[in-house]
Amino acid sequence: MSAWPGFFVIGLTGNLAAGKNAVRRVLEGKGALGIDADALYHRAILAGAPGYRPVLDAFGKFILNASGEIDRKKLGQVVLADPEALKRLKSILHPLVRRAIDRMVRKGKRRVVVIEAAKLHASPLRQACDVVWVVTAGGAEQTFAADTVIDNSGSLEETRQQVRRAWTQLPHAVGQPVPRKPRVQPKPSPAGLHVTRGSRFAGRAQAAWRHWRGGLQTFARHPMGKLGVAILVLFALLAIAHPLLLGTVWKRGIYHPITGFDMAVAPWPSGPTLAHPFGNDAQGRDILSMLMAAIPPTFAVAIAAALATLVLATAIGALSAYFRGPVDAIFYNISSALYLIPALVVIAILASRFYSQIGAWEFGLIYGVLVGGGSAAIVMRSHAMSLMNRAYVDASRVAGAGAWRIISRHLLPHLLPLAVVQMMLAVVGAVVADGFMAFYGFGDTRFNWGQMVYNGIQFLTINPKIPWLQILAPTAALSLFAAAFYMISRALQDLSDPRLADSRELTR
Amino acid sequence: MIAFLIRKIFSSLLTLFVLTTIVFFVVQVLMPGDFVSQFLGMPVQEKERLRQELGLDLPIWDQYLRWMGGLLTGQSHSFFGTFSVMDTVASALPPTLLVFVVGGGIAILLGYWLGKNTGWRSPRWLSEGTALFVIGLYAFFPPALAFLLQYFLGRQLEWLPANSEAHWARFQRDFPTLNQVDIMSEMVIVLAAVVLAVWGLTAVLYRWRRMRLPASITLSLVLISWLASLYARGIGAPALRVLYIASIPILAFMLLTVGELTIITRTSLAETVHEEYITTARAKGIPEAAVRDRHAARNALLPVISRAIVSLPYLIAGLAVVEYSLQWRGLGSAVFGSTLRQDVPLALGYLLFIGVLAMGARLLLEVLYFYLDPRLRSGQQSQRMRL
Chain A
0 MSAWPGFFVI GLTGNLAAGK NAVRRVLEGK GALGIDADAL YHRAILAGAP GYRPVLDAFG
60 KFILNASGEI DRKKLGQVVL ADPEALKRLK SILHPLVRRA IDRMVRKGKR RVVVIEAAKL
120 HASPLRQACD VVWVVTAGGA EQTFAADTVI DNSGSLEETR QQVRRAWTQL PHAVGQPVPR
180 KPRVQPKPSP AGLHVTRGSR FAGRAQAAWR HWRGGLQTFA RHPMGKLGVA ILVLFALLAI
240 AHPLLLGTVW KRGIYHPITG FDMAVAPWPS GPTLAHPFGN DAQGRDILSM LMAAIPPTFA
300 VAIAAALATL VLATAIGALS AYFRGPVDAI FYNISSALYL IPALVVIAIL ASRFYSQIGA
360 WEFGLIYGVL VGGGSAAIVM RSHAMSLMNR AYVDASRVAG AGAWRIISRH LLPHLLPLAV
420 VQMMLAVVGA VVADGFMAFY GFGDTRFNWG QMVYNGIQFL TINPKIPWLQ ILAPTAALSL
480 FAAAFYMISR ALQDLSDPRL ADSRELTR
Chain B
0 MIAFLIRKIF SSLLTLFVLT TIVFFVVQVL MPGDFVSQFL GMPVQEKERL RQELGLDLPI
60 WDQYLRWMGG LLTGQSHSFF GTFSVMDTVA SALPPTLLVF VVGGGIAILL GYWLGKNTGW
120 RSPRWLSEGT ALFVIGLYAF FPPALAFLLQ YFLGRQLEWL PANSEAHWAR FQRDFPTLNQ
180 VDIMSEMVIV LAAVVLAVWG LTAVLYRWRR MRLPASITLS LVLISWLASL YARGIGAPAL
240 RVLYIASIPI LAFMLLTVGE LTIITRTSLA ETVHEEYITT ARAKGIPEAA VRDRHAARNA
300 LLPVISRAIV SLPYLIAGLA VVEYSLQWRG LGSAVFGSTL RQDVPLALGY LLFIGVLAMG
360 ARLLLEVLYF YLDPRLRSGQ QSQRMRL
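Residue numbers (numbering that gives the first Met the number 0), protein chains in the order written: chain A, 0 to 507; chain B, 0 to 386.
Next up, chain A with everything else stripped away, as it sits in the complex (with noise of 0.2 Å):
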């Protein structure tokens, strides 16, 4: 059974000069799809081909002539003295050609495929092939694990006519039509991506897959990245801990982030107890309820200025690099002057006409279009500007892509990592305006941390005695909040970054 059903795959295999080549061409004379599997070695480390950098990275830039190719020879030398070496190449090197072979043989469309291969035994490609044709020149090589032996001894007509005879005998029907869409299983993924629309959107998706498993890996590297999302599942426990713990251990009337109070502590404020870690406001209220009472609208807040900005910034940035002209000049003025203006000074200027009525969602989203709409934007479109000017656009244009196609598969998945770095510094903008304006006066009911901090310094002005606590601990958690979608940013800008990506991999 070989690697892609439908297919019926014979392997070619046999020493230099056996003629492997020859009866590939009597196979494909016959409607065979013939592959050299060889040559996509090859072709793959020329410059500019995927394998290229890699294997650069890999043995480093000696093995460079003076043209910028890699020298073959060079690279020979290197791998054949040192198993480790051949090894690493191998790694680097099967998978783009079992991918490019995936490829061909699924655009191919014929029901046959030979893949010719010097090396085909010692090669997992091996695996992929239903049988395994060797060919002779007169010796024994290779034969051992051979299906069908084709002796290359004789004349050239003499081995056309072993092959005919070989064809004849294959399992499968050689006129049989090609089905038209072949069924391709996709391999289950590592985190249980199902896809069951089509094959083509599995192999996409597929992709997709390894390319961001790939960003996954080097985020988790990074330090900063993993200090940020440790945080922020901190806080997405505590916030799910804290309906949890109020509904069973403990009473609402004592820990009830809004009413309730403690009568056996007294007076208030107090420090810290057994009982209330974070000791108790100057009302008499558990300061760690009142913390975690205060995570979600914050993520709530958090979470619609992502979106906003996310959204926004990528759509003004794609269209105005891709349209340019008017559109570039009216998304351009709009965002410079969005960008001009603090979105937390517009936000207490709508704040005074709507009072109470900005809650969580909405503060976010007014946050987010503004910033998204400013200064997210521009950085976005100057991005897209740069990726209008790369070769596979035009590439893409001259082929005849539309404007919808050009935008989706060229611009915005190479937007996105920027986008999300800008998503990431608008949240933190966003989390402390948020704070802001409720220890400004603006607050609704919600509890947020900022008017934890204000209720504090607030008590202050009529006590000499500071409740420390209650103005260090919303503080320290509405920092580290922020500091942790900073954080991510920062990890993200890194990575994002390709000449720093580079870098990194070459002094690794």
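Just so you know, these hints were derived from the structure itself, not from any lab. There's no promise every hint is true.
Each computed DSSO-like pair below joins lysine-lysine, with the alpha-carbon atoms no more than 30 Å apart [stated by the list, open to error]:
#	chain 1	residue 1	chain 2	residue 2
1	A	K118	A	K72
2	A	K86	A	K73
3	B	K115	A	K225
4	B	K283	A	K60
5	B	K115	B	K283
6	A	K89	A	K118
Every beta carbon over 12 Å from chain B, so not counted as near; a handful from chain A, in silico [what the hints assert, rightly or not]:
#	residue
7	G75
8	L92
9	G153
10	Y331
11	L386
12	R489
Every beta carbon over 12 Å from chain A, so not counted as near; a handful from chain B, in silico [unchecked claim]:
#	residue
13	R48
14	D181
15	I188
16	A191
17	R209
18	S246
19	E259
20	A282
21	L347
We put the CB at the ideal spot given by N, CA and C, even for glycine.
Following the hints, put chain B in place on chain A, whose structure we already have.
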């Protein structure tokens, strides 16, 4: 360079026009009710009369044109009283500018220095630790930072003035003939002039003598000539007092800003470490500090400036918050104060001035970027040659 400046200024004016229009319509169209509707106890006739007096009964276009006209001629009026928006705003600008220029300047220098020293082959714990510390500063809740500074440095240690209002009163008593706002604007203008002069001096020295002044000498030259010129103009003592009173706002704004700048410098410096010109410089036997300062840090400067342009709105919002929290009488506390009173024309006037401030800072950074990037400069030159 001149063409670049003219183009930039032109597009800035256009942006400013768009900004005023957006601000006006967002506030006027989206908002239910108007200024008058907040007086609940007022009889209807009285309300109508007040609306007519303030021009609120006119169609929105008419209001817009009147407002723009008022802005251009400097005669827009607040809803409260008859004082002109322009005069009020103009008196709030110098305090903000002083904090922005001095605090921002220190933050840039300190951030650049910190980023340079921790980003360049320093031990991992130092580099990561500094990064975490400055991120903490960047994300620190500004009102709480302001409060903590005020409490510890002002009230507990009594090093710096905790309550600026009380100190302004004493300032008026000590210098009855002087206006603090005028002094502040003079300080900013003199500082700008001094920086330009010193920069010109270093350029001349380099051009004709191939001499580079160390950064420490340049900086002390700026500082000394700033103070000397202030004394020469006869406002040395009051200017020092103003700096003393402004120290907490300046410190708070500097701390909020320095984190971002440190991180950017650190990252862009790390990007240059693997460049080939760095290896070349090392191979030539140039001392490590010189490699860092001359070869790496100069190239790292461009991304620092471009990122600073992007994060400018965040920094200015931070400035406004710091001002409001410390009750420093600048644009920031004024815009929040007028918002609380629902005085929309005044709030918009302040907002517009904040926009102008941001625009000025952006323009400055863009010119700096243009000046520092040889690619842009040479592009301009080759164009001229082709013509």
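Exercise. Once the closest CB in chain B is found, is it more than 12 Å from Y331(A)?
Worked result: violated, 9 Å
Problem set entry | Interface exclusion of G75(A) relative to chain B, criterion Cβ beyond 12 Å | holds, 27 Å
For this session: Assess, step by step, whether the Cα of K118(A) is no farther than 30 Å from the Cα of K72(A), and give holds or violated.
Result: Holds, at about 18 Å.
Exercise. Is the nearest CB of chain A more than 12 Å from the CB of A191(B)?
Worked result: Holds: least Cβ distance 21 Å, greater than 12 Å.
Problem set entry | Closest CB of chain B to the CB of G153(A) still more than 12 Å away | holds, 58 Å
Problem set entry | Non-interface label on R209(B), tested against every C-beta of chain A at 12 Å | holds, 33 Å
Exercise. Is the Cβ of I188(B) farther than 12 Å from every Cβ of chain A?
Worked result: Per Cβ check, I188(B) is outside 12 Å of chain A; nearest 23 Å; holds.
For this session: Compare the distance between the alpha carbons of K86(A) and K73(A) with 30 Å, and conclude whether the hinted pair is satisfied.
Result: Status holds; Cα separation ~16 Å.
For this session: Test the statement that L386(A) is away from the interface with chain B: the closest C-beta pair must be farther apart than 12 Å.
Result: holds, 17 Å
Exercise. Is the hinted pair K115(B) and K225(A) satisfied, with a Cα-Cα distance of at most 30 Å?
Worked result: Judged against 30 Å, a Cα distance of about 24 Å means the pair holds.
For this session: Classify the label on A282(B) as holds or violated, using whether its beta-carbon is more than 12 Å from each beta-carbon of chain A.
Result: holds, 16 Å
Exercise. Would the pair K115(B) and K283(B) pass a check requiring their Cα atoms to be no farther apart than 30 Å?
Worked result: The hint holds at about 22 Å.
Of the numbered hints stated above, those contradicted by the structure are hints 10, 12, 19 and 21, listed in ascending order.
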